[in-house]
Amino acid sequence: MSSTLQELYGRKGRTVTDRDAQEITRVEEVSYELKTADVMNRDLKCLAPTDTMREVFELLRVSRISGAPIMEGNVLVGIISQEDLMRAFANNDQDVPIQQYMTKNVITVKSYEPVIKALEIFARTKIGRLPVVDENESLVGMLTKGDITRGVLVAIQKDYQEEEIRRYRASHLFEDITSDRTSLILRYKIKSRDFNNGGQASSYIKRALLRLGASPQLARQCGIAVYEAEMNLIIHSTNGGVLRVQVEPRRILMQTSDDGPGIPDIAKALQPGWSTASEEARSMGFGAGMGLVNIQRCVDKMDIDSTPGKGTKLLMEIHLDPDEKFKSPPDTPESPGV
Amino acid sequence: MTLQELITELDLIVLTAPRDFVAVTPRGGYASDLLSCVIAGAKPGNIWVTIQSHMNVVAVAALREVSAVILTENARPEADVIEKANQENVILLGTREPSYEVAGKLWELGIQ
Numbered sequence: 001m002s003s004t005l006q007e008l009y010g011r012k013g014r015t016v017t018d019r020d021a022q023e024i025t026r027v028e029e030v031s032y033e034l035k036t037a038d039v040m041n042r043d044l045k046c047l048a049p050t051d052t053m054r055e056v057f058e059l060l061r062v063s064r065i066s067g068a069p070i071m072e073g074n075v076l077v078g079i080i081s082q083e084d085l086m087r088a089f090a091n092n093d094q095d096v097p098i099q100q101y102m103t104k105n106v107i108t109v110k111s112y113e114p115v116i117k118a119l120e121i122f123a124r125t126k127i128g129r130l131p132v133v134d135e136n137e138s139l140v141g142m143l144t145k146g147d148i149t150r151g152v153l154v155a156i157q158k159d160y161q162e163e164e165i166r167r168y169r170a171s172h173l174f175e176d177i178t179s180d181r182t183s184l185i186l187r188y189k190i191k192s193r194d195f196n197n198g199g200q201a202s203s204y205i206k207r208a209l210l211r212l213g214a215s216p217q218l219a220r221q222c223g224i225a226v227y228e229a230e231m232n233l234i235i236h237s238t239n240g241g242v243l244r245v246q247v248e249p250r251r252i253l254m255q256t257s258d259d260g261p262g263i264p265d266i267a268k269a270l271q272p273g274w275s276t277a278s279e280e281a282r283s284m285g286f287g288a289g290m291g292l293v294n295i296q297r298c299v300d301k302m303d304i305d306s307t308p309g310k311g312t313k314l315l316m317e318i319h320l321d322p323d324e325k326f327k328s329p330p331d332t333p334e335s336p337g338v
Numbered sequence: 339m340t341l342q343e344l345i346t347e348l349d350l351i352v353l354t355a356p357r358d359f360v361a362v363t364p365r366g367g368y369a370s371d372l373l374s375c376v377i378a379g380a381k382p383g384n385i386w387v388t389i390q391s392h393m394n395v396v397a398v399a400a401l402r403e404v405s406a407v408i409l410t411e412n413a414r415p416e417a418d419v420i421e422k423a424n425q426e427n428v429i430l431l432g433t434r435e436p437s438y439e440v441a442g443k444l445w446e447l448g449i450q
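For the protein sequence lines, the chains are B and C, in the order given.
With the first letter of the first sequence counted as 1, position 71 gets the number 71 in the working numbering; the numbers rise by one all the way through.
If you count the second sequence from 1, you need to add 338 to reach the working numbering.
Hints listed in this document are in silico derivations from the structure and should not be mistaken for laboratory results.
In silico lysine-lysine, BS3-like type, Cα no more than 25 Å apart, as pairs:
#1 K35/B - K117/B
#2 K158/B - K35/B
#3 K158/B - K117/B
#4 K126/B - K145/B
#5 K301/B - K381/C
#6 K381/C - K158/B
So here's chain B without its partners, still in its complex pose (with noise of 0.2 Å):
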């Protein structure tokens, strides 16, 4: 936890090391870029100012919290605490309404500020919990330093598996091997008939590309293209047939093969809509005779070889820019989805 974090939290005496240091930018970046409607809970449990003492009593023993918005219609007038209701029953106060003991001139966040905002409240004032409202002042959530807590280290979390995954590409595969032509070649073969294990080489190929540094796009575009040339493999090769994907600093080539039956009229085969699915593929949800069409949108450059009775061979490949290479960075801004 950073050091502002200690702070603002009040806990103190510990030397803060290079590594803390490291970390402290991070989550006080996160508590920057966290706004306070990211992280407080949506789950409001409200009371009304003429309620009474007992009932707030209720309302905290049975939605396990430690304080609650009051709300006159729909203005927030007050808020009441376990510690007021502690000086209500020390009082023997237990049936008076909820304005003798509540909290009247509230301290509210708004929903559009960041996290660090409500942090600074929180070191400021001393108090546990905060209301969060909109641009119009309508309460829309609560926050407390445990919401905060949480939503921080959700984010750092999230960073952490991104910066894993990061590592783990194998970006050196292409930047560090010098030669004048470097590949990989993934090859599967796939069963005819075989729809349980449908997708899952697609979903083997999209992963190692995730792995091999290609941006989140790039891996879904590759994945669709091929798991609609894996599924045309199952739902209508005789025999089954070879998927192989070749990977190259600048282009991906996805090829597949098979043996038979191959296609009568390609043309026909490119309509939207046209299929030759058996009753049993079309059960499931294949045979829409979209497999090619949306192969053609996800890849530059698409051929069909296909003798009848001999067999099918497909074609894809898509370009790499200079840029989109596998050096792009996880976080590419995603263009829309194909």
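With chain B's structure known, arrange chain C on it following the hints.
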């Protein structure tokens, strides 16, 4: 709206392993039983509504990175499908209602 809220609102049955559904926020949705249409039309983060419940649903859901799949009309996947879904981090939810009703309710809840 978080997936947890959706599960409560639509009274969905969680078929895969429990997860932190509060941390999942579906963005938009897609309804179809034709897998190639889903591949082409669904967007990452969508919630997918379908009556199909076989193994390939998991493959398509993982490939398209949908936030969750709602299996309608009491369609129940086999145990190996659920196991695969857990491996691939695909969330499968069940309901007895038909896809049309489910899509309508999702739309009304703001999943648009």
